[in-house]
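Asker: One letter stands for each residue in the lines below.
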Amino acid sequence: MIFERQLKTAAAVALLACGGAVAVQPAPAAAADYAALNAAIVDDYVLPRYAAFAETTAVLESELRRACSDDVLQAEEAAAAYNDAMDAWMAVQHLRFGPAELFLRNERIEFWPDKRGVVGRHLAQMLAEQNPKALEPQTFASGSVAVQGFPALERLMFDSEASTWETPFGCAVSVAIGRNLKDIAAGLLADWQGGEIHYAQVVRSATEGNERYFDAKEASLDFAKSLRGAILLVQDYKLGRPLGEQPESARDTRAESWRSARSLRNVLVNLKAAQALYEVGGDDSFSAQVRQHPQGAELDRVIRAALERLIAAVEAEPASLVAALKAPDGWDRLDAIRTEARQLLELMGGPLSEVLELPMGFNSYDGD
Amino acid sequence: MTAIRRRDLLTAAAALFAAWRLPFPDGAQAAETRYFVNACSTQDGGTLTRVFDAAGHVVATLPLPGRGHGAARRPGAREVIAFARRPGHFAVSFDPLSGAAARRFDAPEGRHFYGHGVFSTDGRWLFACENDYDNARGCIGVYDATAGYRREAELEAYAIGPHEMVLLRDGRTLAVANGGIHTHPGKGREKLNIETMQPSLAYIDSESGALLEEYRLPAAMHQASIRHIAVAPQGTVGFVMQYEGPRNNLVPLVGFHRQGEAAITLPITEEATLRAMRQYCGSAAMDASGQVLAASAPRGGTITFWSVAERRYLASLSLGDGCGVAASGEAGGFIASSGYGKLVHHNALNGETRALNDPAAPEVAWDNHMLALSI
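Same order as they appear, the protein sequences are chains D and Z.
Each residue of the first sequence is one higher than the last, beginning at 1 in my numbering.
Each residue of the second sequence is one higher than the last, beginning at 1 in my numbering.
Keep in mind that the hints are not guaranteed to be accurate.
What the hints assert, rightly or not - Straight-line C-alpha distance at most 25 Å; calculated SDA-like pairs for lysine to any residue:
hint	chain 1	residue 1	chain 2	residue 2
1	D	115	Z	146
2	Z	191	D	96
3	Z	191	D	36
4	D	326	D	309
Hints are computed from structural coordinates only; laboratory data are not their basis.
In this text, all values refer to a predicted model and were calculated from it rather than measured experimentally.
If we strip away everything but chain D, and leave its shape as in the complex, we get (with noise of 0.2 Å):
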């Protein structure tokens, strides 16, 4: 059934495309109001999230002490709080600007992904070492980018190895990563909110130009790429790499979380992020804006709906890719939601943009 419906959605990329081609102008739009989108954004959508992820993260370290009380690491009893922090993750992670960039956080709240087995590697070593200096916070945030996140406490906590390192040291890396986690999501919060980088304030102003923002338009440009970054983290990574082209070249230990057995909730969580920035904002949210140009109720509808089938298709697939694919027709049920994100995607490089004058992906932003 889902074939049928990605037809529909094939059919609207083609037909939307050719509608495109023939004007030589998009007919103008009326004035998108860019700085009531993006100040509905921050408070309504990055705010909120950041919060939830300092939250949450914050539950996690303190879990993770309590699981740690008999120094030897009872992750059954931090699973639930694990769960709630990755979701809370995967609710921002595709928002990589700003605070984000700074001071490698991305990269340190998850080193993924791993091509070269540097997680493994290096927590392997510190584990051997047990130097307990190394997980003194400063010492712990400026050393390996591997081993401060997710990847290396889901190993600590999920893998089958585990065993190997329930020791006492074990139990206090895990615990140095979870303080970790709750201090990046901390200074993630706090830079979007006040202090010297106070963020927010950065969007808000970007109305008249700022240092980092040539108008209030380029700083949605920033959540428009952060929402086409979400639809393209999903199909070309978490779907892509552990897919493969056929179902022989399937490589399930290439998704995102697999130890832990959530990399389809991952996307999941992903895709309704996405979903949300797209129709944040009532009147001003990116959706509506669509609507208001005169080619835009059709393309809007398409992709609300493209959107809500990759949900429920994602939905209806168990939490864990590596289940999913046992199934009879996993790998054709997983290649076409990633068929489906891809005809998602090209609407979004090339209608959506247009529609919005913010182009997402090709001539504009790449610096050459």
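Fit chain Z to the known structure of chain D by using the hints.
Answerer: Coordinates of chain Z only, in the frame set by chain D:
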């Protein structure tokens, strides 16, 4: 020899006309036809370069191993070089009328292409803008087209980041747009020296490699990367910039110079025009008559046109994500392409615009640069 080539050409042209169900005009083979080369991406992410005619009809398609960038026409031959986009290593020589690839060659170990190059007038030497990244040094690779594009020499660029260059009408002097930005493939496309960058316009003797003249921007503009360059038949070069400084600081983005002049001219431009260009020019082209410079500004969705003689802004054309631009052949005429797949002919002297289209060709996103050539 000549007869065979001529017959091949006739056959190709006849097939082309047949494909479009157009009458094959007698004597069409006698006059030169203008073609355009532009790298592009297909909707499923394929990378290629397309050759099309003045109507926008696709003549040939060449798949590329990665995203393409600029192209260079080899004088006296039915041959074009398609370059990889930085930090790519490949270049492909191909027949622009058939799309048949003749040879792939690569930048040597320790160098990558910037994506632009130009041939010597006799068609033997290909000069390619390259990055000697471990030494943070710009250079110009010299490749022998008669020896399978063997790399025979390397010239200094006398700055970091030689991005595009043109050969002046003396057939010997290269005018090089040195962007000034250091990047290293180990760090992706990250810009590593924004605080200290020093772009330049350098005139280099292509035979001796000597630096003939060098011009810098005023100190306050050192973060304006001189990226793309075009030359008028009369000898004036126009260059266009990408500003890396604070986003609320508006600076000129277009400059003119003629070899021997004491300094670069930066036309005083109205704030509204600069704002519309959003601090970023994507490519430069000179019209066939040498009267008009086109400077595309894809972030602003506009192509701006400048009088070469008066060195001032003339007008602009709105084209969302429009970047590739090349002389169409008529005075003031340009063809421009966009990331949204559009092709437009625009004459900056009379303001006329018409959309070009090939209904039979699949939709593509046009990449940064267009090359015009006549065969």
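Asker: Against each hint, give a clear statement of whether it holds in the structure.
Answerer: Checked hints:
no.	hint	verdict
1	115(D) x 146(Z)	violated (42 Å)
2	191(Z) x 96(D)	holds (17 Å)
3	191(Z) x 36(D)	violated (32 Å)
4	326(D) x 309(D)	holds (22 Å)
Comparing the model with each numbered hint stated earlier shows that hints 1 and 3 do not hold.
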